[in-house]
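Trainee: Here is what each chain is made of, one letter per residue.
Protein chains: 2
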Amino acid sequence: MTIARLAGSSCSVSRSLAVLGERWTLLIIRDALSGMTKFEAFRESLRVGSDVLADRLNTLVEFGVMERHSYQEPGARAREEYHLTEAGRQLHVVIGGLQIWGDDHLPWPAGPSTERLDRRTGRPVRVAFVDEDGRPLPEEKVDVIHNNGYPSRP
Amino acid sequence: MTIARLAGSSCSVSRSLAVLGERWTLLIIRDALSGMTKFEAFRESLRVGSDVLADRLNTLVEFGVMERHSYQEPGARAREEYHLTEAGRQLHVVIGGLQIWGDDHLPWPAGPSTERLDRRTGRPVRVAFVDEDGRPLPEEKVDVIHNNGYPSRP
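Protein sequence lines correspond, in order, to chains A and B.
Sequential numbering of the first sequence, starting at 139, is according to my numbering.
Sequential numbering of the second sequence, starting at 139, is according to my numbering.
Since the hints were derived computationally from the structure, they do not count as laboratory data.
Hints may be right or wrong, so weigh each one.
The list treats identical chains as one, so a pair stands whether inside a single copy or across any two.
[Said to hold, decoys possible] Okay, derived cross-link-like pairs now, EDC-like style, lysine to aspartate or glutamate, Cα gap no bigger than 16 Å in a straight line:
hint, residue 1, residue 2
1, Lys279, Asp256
2, Lys176, Asp189
3, Lys176, Glu219
4, Lys176, Glu218
5, Lys279, Glu253
6, Lys279, Asp169
7, Lys176, Glu211
Using the sequences and the hints, build the whole thing.
Mentor: Have a look at this one:
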């Protein structure tokens, strides 16, 4: 895969999904945000074939979402682990938004298996639009403005 | 498709992606957030086949993300249009998060084709975690807590 797959769209939602929107990719990022780094750990968590997982990880490395590092345990061969870059960590609000939306609208009978909590208070957090000073902004105060390049092709 | 496809995972990110994660689905929601309602308009925007588009819209209706309404223009046959439900509108922060992340990390050479602006100031907005009182919370103050059901299967 090359950057060419991004070239067709001026829409940054489409470009983000070109990198992140394949099956498993956002779940890899979910696991990495919980501290997972090893290929085998992702494979067991996702129950996905090694070829597919390697493809998704390669895409994430190629586009700067994850970094690949070698490590070696005593007596074992060298292996690779994967860490989120700063760009990857910035996807936390997107993953958090999907988690909170799922708990609101597709709830699990036994309650949430994962929660995102305010470290200071232990209370659930939300995801919201904020203004440039960091103050929360009601959704109806957010204007969606299309510039010259729109409508874009996906 | 039935709710059964959701039953395998206690993780709400996985459940959200079971409904939202297929190709085109988040782009349909992107367009709907900009006011698009008609089947033909989605089809032209996404350049996707009618069968695939109908499948994605059916899923969104089935899971309460969109509602289907009939309308009829004079002299024409009845057609259907699609509107986001309140649950669907709550995906705006997820779409906004993907747009802003794409503009930050996969920028388009000619600049963003879509911007989300603070209606009061005309300045770009961000997406962030906020606490239960709506105050923004730095990402490092958000704890990810796994409960009994975790690790979940995707």
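Trainee: Is it within a copy, between copies, both, or neither that the alpha carbon of Lys176 lies no farther than 16 Å from that of Glu218?
Mentor: within (7 Å within a copy, 48 Å between copies)
Trainee: From the Cα coordinates, with 16 Å as the cut-off, is the pair Lys279 and Asp256 best called within, between, both, or neither?
Mentor: between (25 Å within a copy, 6 Å between copies)
Trainee: At most 16 Å between CA atoms: does that hold for Lys176 and Asp189 within a copy, between copies, both, or neither?
Mentor: Classified as within; 15 Å inside a copy, 39 Å across copies.
Trainee: Can you tell me if Lys176 and Glu211 fall within 16 Å by alpha carbon in one copy, between copies, both or neither?
Mentor: Only inside one copy: Lys176 and Glu211 sit 13 Å apart there, 58 Å across copies, limit 16 Å.
Trainee: With identical chains, the pair Lys279 and Asp169 could be close in the same copy or across copies; at 16 Å between alpha carbons, which is it: within, between, both, or neither?
Mentor: neither (33 Å within a copy, 18 Å between copies)
Trainee: Give the relationship of Lys176 and Glu219 under a CA distance limit of 16 Å: within one copy only, between copies only, both, or neither.
Mentor: within (5 Å within a copy, 46 Å between copies)
Trainee: Cα distance capped at 16 Å. Does Lys279 pair with Glu253 within a copy, between copies, both, or neither?
Mentor: Result: close only across copies, 13 Å inter versus 28 Å intra.
In this structure, the one hint that does not hold is number 6.
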